[in-house]
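J.: What follows is each chain in one-letter form.
2 protein chains.
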Amino acid sequence: MNFKIKGKEGNARVGELHLQRGIIHTPAFMPVGTAATVKGMLPENVRSLGADIILCNTYHLMLRPGESIIQQIGGLHKFMNWSRPILTDSGGFQVMSLAALSKRSDDGVEFKSHIDGKKHFLTPEYSIQIQQTLGSDIIMCFDECTSFKATEREVYQSMMRSMEWAFRSKNAFQNTLSSTLFGIQQGGVFHDAREESAKRLIEIDFEGYAVGGLAVGEPQDIMFDVLDNSIPHFPDNKPRYLMGVGKPGDILGAVLRGVDMFDCVLPSRSGRTGQALTRMGTINIRNARHAKDPRPLDPKCGCPTCKNYSRAYLHHVCKVGEIISAILLTWHNLHYYQELMSGIRSAIFDSKLSDFAGQFISMQKKGDMPPL
Amino acid sequence: MNFKIKGKEGNARVGELHLQRGIIHTPAFMPVGTAATVKGMLPENVRSLGADIILCNTYHLMLRPGESIIQQIGGLHKFMNWSRPILTDSGGFQVMSLAALSKRSDDGVEFKSHIDGKKHFLTPEYSIQIQQTLGSDIIMCFDECTSFKATEREVYQSMMRSMEWAFRSKNAFQNTLSSTLFGIQQGGVFHDAREESAKRLIEIDFEGYAVGGLAVGEPQDIMFDVLDNSIPHFPDNKPRYLMGVGKPGDILGAVLRGVDMFDCVLPSRSGRTGQALTRMGTINIRNARHAKDPRPLDPKCGCPTCKNYSRAYLHHVCKVGEIISAILLTWHNLHYYQELMSGIRSAIFDSKLSDFAGQFISMQKKGDMPPL
Numbered sequence: 001m002n003f004k005i006k007g008k009e010g011n012a013r014v015g016e017l018h019l020q021r022g023i024i025h026t027p028a029f030m031p032v033g034t035a036a037t038v039k040g041m042l043p044e045n046v047r048s049l050g051a052d053i054i055l056c057n058t059y060h061l062m063l064r065p066g067e068s069i070i071q072q073i074g075g076l077h078k079f080m081n082w083s084r085p086i087l088t089d090s091g092g093f094q095v096m097s098l099a100a101l102s103k104r105s106d107d108g109v110e111f112k113s114h115i116d117g118k119k120h121f122l123t124p125e126y127s128i129q130i131q132q133t134l135g136s137d138i139i140m141c142f143d144e145c146t147s148f149k150a151t152e153r154e155v156y157q158s159m160m161r162s163m164e165w166a167f168r169s170k171n172a173f174q175n176t177l178s179s180t181l182f183g184i185q186q187g188g189v190f191h192d193a194r195e196e197s198a199k200r201l202i203e204i205d206f207e208g209y210a211v212g213g214l215a216v217g218e219p220q221d222i223m224f225d226v227l228d229n230s231i232p233h234f235p236d237n238k239p240r241y242l243m244g245v246g247k248p249g250d251i252l253g254a255v256l257r258g259v260d261m262f263d264c265v266l267p268s269r270s271g272r273t274g275q276a277l278t279r280m281g282t283i284n285i286r287n288a289r290h291a292k293d294p295r296p297l298d299p300k301c302g303c304p305t306c307k308n309y310s311r312a313y314l315h316h317v318c319k320v321g322e323i324i325s326a327i328l329l330t331w332h333n334l335h336y337y338q339e340l341m342s343g344i345r346s347a348i349f350d351s352k353l354s355d356f357a358g359q360f361i362s363m364q365k366k367g368d369m370p371p372l
Numbered sequence: 001m002n003f004k005i006k007g008k009e010g011n012a013r014v015g016e017l018h019l020q021r022g023i024i025h026t027p028a029f030m031p032v033g034t035a036a037t038v039k040g041m042l043p044e045n046v047r048s049l050g051a052d053i054i055l056c057n058t059y060h061l062m063l064r065p066g067e068s069i070i071q072q073i074g075g076l077h078k079f080m081n082w083s084r085p086i087l088t089d090s091g092g093f094q095v096m097s098l099a100a101l102s103k104r105s106d107d108g109v110e111f112k113s114h115i116d117g118k119k120h121f122l123t124p125e126y127s128i129q130i131q132q133t134l135g136s137d138i139i140m141c142f143d144e145c146t147s148f149k150a151t152e153r154e155v156y157q158s159m160m161r162s163m164e165w166a167f168r169s170k171n172a173f174q175n176t177l178s179s180t181l182f183g184i185q186q187g188g189v190f191h192d193a194r195e196e197s198a199k200r201l202i203e204i205d206f207e208g209y210a211v212g213g214l215a216v217g218e219p220q221d222i223m224f225d226v227l228d229n230s231i232p233h234f235p236d237n238k239p240r241y242l243m244g245v246g247k248p249g250d251i252l253g254a255v256l257r258g259v260d261m262f263d264c265v266l267p268s269r270s271g272r273t274g275q276a277l278t279r280m281g282t283i284n285i286r287n288a289r290h291a292k293d294p295r296p297l298d299p300k301c302g303c304p305t306c307k308n309y310s311r312a313y314l315h316h317v318c319k320v321g322e323i324i325s326a327i328l329l330t331w332h333n334l335h336y337y338q339e340l341m342s343g344i345r346s347a348i349f350d351s352k353l354s355d356f357a358g359q360f361i362s363m364q365k366k367g368d369m370p371p372l
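Residue numbers (my numbering), protein chains in the order written: chain Z, 1 to 372; chain F, 1 to 372.
Hints were generated in silico from the structure; no laboratory data involved.
Every value quoted in this text rests on a predicted model; they were computed, and no experiment measured them.
If several chains are the same, the list does not tell them apart, and a pair holds so long as it fits within one copy or across any two.
Derived BS3-like pairs: lysine-lysine, alpha-carbon spacing no greater than 25 Å straight-line:
(1) 366 / 307
(2) 6 / 238
(3) 352 / 300
(4) 292 / 119
(5) 119 / 319
(6) 319 / 39
(7) 39 / 307
Construct all of the structure, not just a fragment, from the sequences and the given hints.
T.: Below you can see the structure in the form of structure tokens.
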């Protein structure tokens, strides 16, 4: 892995992350392909929108279909027909949020599958092994996530456990030509814990550093405050990844604070529930005001949905519950995210990111076009 | 409209139906786009499989979103982003099968919407008006469908009502450059009623003739028997359309009896329930035998699904309930249907349809590849 910074403006950076399976242009948004599919999309269409990398979930894939089946079929890339880089998370977040009855110890997490109730035991070593069996390009350390409501003492102890697990993850990781390992900072909203976590990760030494434990319900200003106090602890020459973030405004604010990589289910999940994310804010296509509107979601958008379909059509297929509604809205949303990232990259390169951010905020505030 | 027969073998014909929006190569299969979308497919992908025409449902569209909204957006073609011919049915079949509490009279059918219980009254004149408001290319007469279990007397009386409605449909139809009107034969499984119906339709004079009232649960041999006794009554130089049929073997048998056009929800509906239709019969992808199978559905199939995805992947995404499962299986199924039709057309052209039919039957009997 090789990370080249091509331009800077303030704390924001534009760069290229070179992996064996392709180049990732940063700041980058990674569409989420939970169970080996970006929901509602064909992989060639995800790529055509400009996505350089997608994220898949270790927790979901270890349960169904199981990593050994994916390995037998030739690895995750072949299995899901995506030849470019894939980042896998470690499963740490999902065992906390999805699994029933998880039991944690310093060794790892015992949990029951949310699908069939079967018991599993996930450790740093096993998580890394699963991710390597899948053939992931960017592998994440196994970590423990703490609730936004945990006390400082609980957060600190949990962070220290995650740092021990980061060390064990690094030891378990087998170097290969195509894969690389990222560490994950924890520490909740507490600056001392974040700083301690960053120091320990840097000591262990990773190819990239993620900020974990955010986007768990905290307000945006708290998230930005944590970033202001976290990012400066990481080395300049390594990529920084803010996990599970977020809304377009969150992403822009995080880029301004020096973050290079993002993932979030928002564009695809919103697409399945009738929400279109646009320059003009969020449009709820189920709203009756769109029923007779011949205009596209966004007349200035160049995505296949906006070029070919009216709001009236999208309103209709969404209300009727047709699959094409999820397809077309997800397509638009992922296009919007990739355009946003591409706009951010150009703006940093041209040292115009603050203008870009100003325009972004004023457009979002202005809101949707008035009804016809 | 202009129908040219390019070749014949026995009763089977290969031809071209020229409409203003495009040429339909017959025998043709029309994918069903009930509510202005072929479920699970983008229109450009339906076209790329070789579909020259699709079918939409008047009943569904009059209820949601309503024909006037579609007209305001620029007509059904623009609304759903399909520029080639569209055939609309008359709503007669759906008011019988879907609507609650339908009340029939010689004038028309009063029914309650299956969606919101609202009352509607559909007449021949109103059905034709809706279809013309939608901008349909092939418009179907409004008819009454009788159950497979109706007595001969009931079937005859219902057929006579349908013939009166065919006459009224023709009178209500406004000639335009782009649209044409087909009559629908009724008469159940009774040869005299079928003959009488054909004679009356020919007297009224239509551009094409449909066989209605089949594919309502009768065995294949009865359907073929009705066709043997119905098709000869229709003029050679007009297209013949067997409504709602069917399974691949039904289609082949009907082509051998002189039918030119077909529609059926089977390939798309099967795609959404994990069924793949192949040269080797039907494959239930949910079956555990496919869980680790690296082979495509059909190694000789050239569709995007078979070129890029294993049975193991399809099994996984189907079991997990991912949208891509419906997309990929529907894509395969519609491809298989269009390939079948294209094979049938070539075979008739080369006078090899009986060989083709023999091979088709032996392959279907042989069944799926053995497990690995």
